[in-house]
Amino acid sequence: MRLTATDAEHVADVMSALSTPARVLILARLVESPAAVSELVDELDMAQASVSNHLRILRHLDLVVGERDGRRVVYHLQDGHVRSMIEEVLEHVRHV
Numbered sequence: 001m002r003l004t005a006t007d008a009e010h011v012a013d014v015m016s017a018l019s020t021p022a023r024v025l026i027l028a029r030l031v032e033s034p035a036a037v038s039e040l041v042d043e044l045d046m047a048q049a050s051v052s053n054h055l056r057i058l059r060h061l062d063l064v065v066g067e068r069d070g071r072r073v074v075y076h077l078q079d080g081h082v083r084s085m086i087e088e089v090l091e092h093v094r095h096v
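Its first residue numbered 1, the sequence shown is counted upward by one per residue in this note's numbering.
Just so you know, these hints were derived from the structure itself, not from any lab.
Incorrect hints may appear among the rest.
Claimed, not checked - Derived DEER-like restraints, expressed as beta-carbon distance ranges:
id	residue 1	residue 2	range
1	G80	A47	28 to 36 Å
2	H81	A49	43 to 51 Å
3	I57	T4	19 to 27 Å
4	A12	E39	28 to 36 Å
5	S52	E9	37 to 45 Å
Here a beta-carbon is modelled for each residue, glycine too, at the ideal position from N, C-alpha and C.
Please model the complete structure; the sequences and the hints are all you need to start from.
Next up, the structure:
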């Protein structure tokens with residue numbers, strides 16, 4: 001597989017984002033179903049500011065999308081590729 005320098009940089013950025021356990025937990029939770037920040041805070045036992053900061057980074061990398069639902073924003077995975085990526089990495093980790 002050949003990559004351009006730009007593609008390699010984008011892949012490295014995504015892998016860097018996944019190097020933080022909190023972001024992996026957020027993505028894994030969003031694999032299950034969309035969730036608002038308050039739900040993520042409660043379910044993952046993380047501070048609201050921390051969850052919001054991690055979501056900002058994940059949005060910037062196009063891994064998650066936030067959609068307004070009244071006064072709250074509900075987050076979900078960008079697409080099936082993100083779901084597959086998380087599932088494949090988890091399968092690899094559990095296999096090794």
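How the hints compare with the structure:
1. G80 / A47: 28 to 36 Å: 30 Å, holds
2. H81 / A49: 43 to 51 Å: 29 Å, violated
3. I57 / T4: 19 to 27 Å: Taking Cβ atoms as reference, I57 and T4 lie about 23 Å apart, which means the hint holds.
4. A12 / E39: 28 to 36 Å: 31 Å, holds
5. S52 / E9: 37 to 45 Å: 26 Å, violated
Comparing the model with each numbered hint stated earlier shows that hints 2, 5 do not hold.
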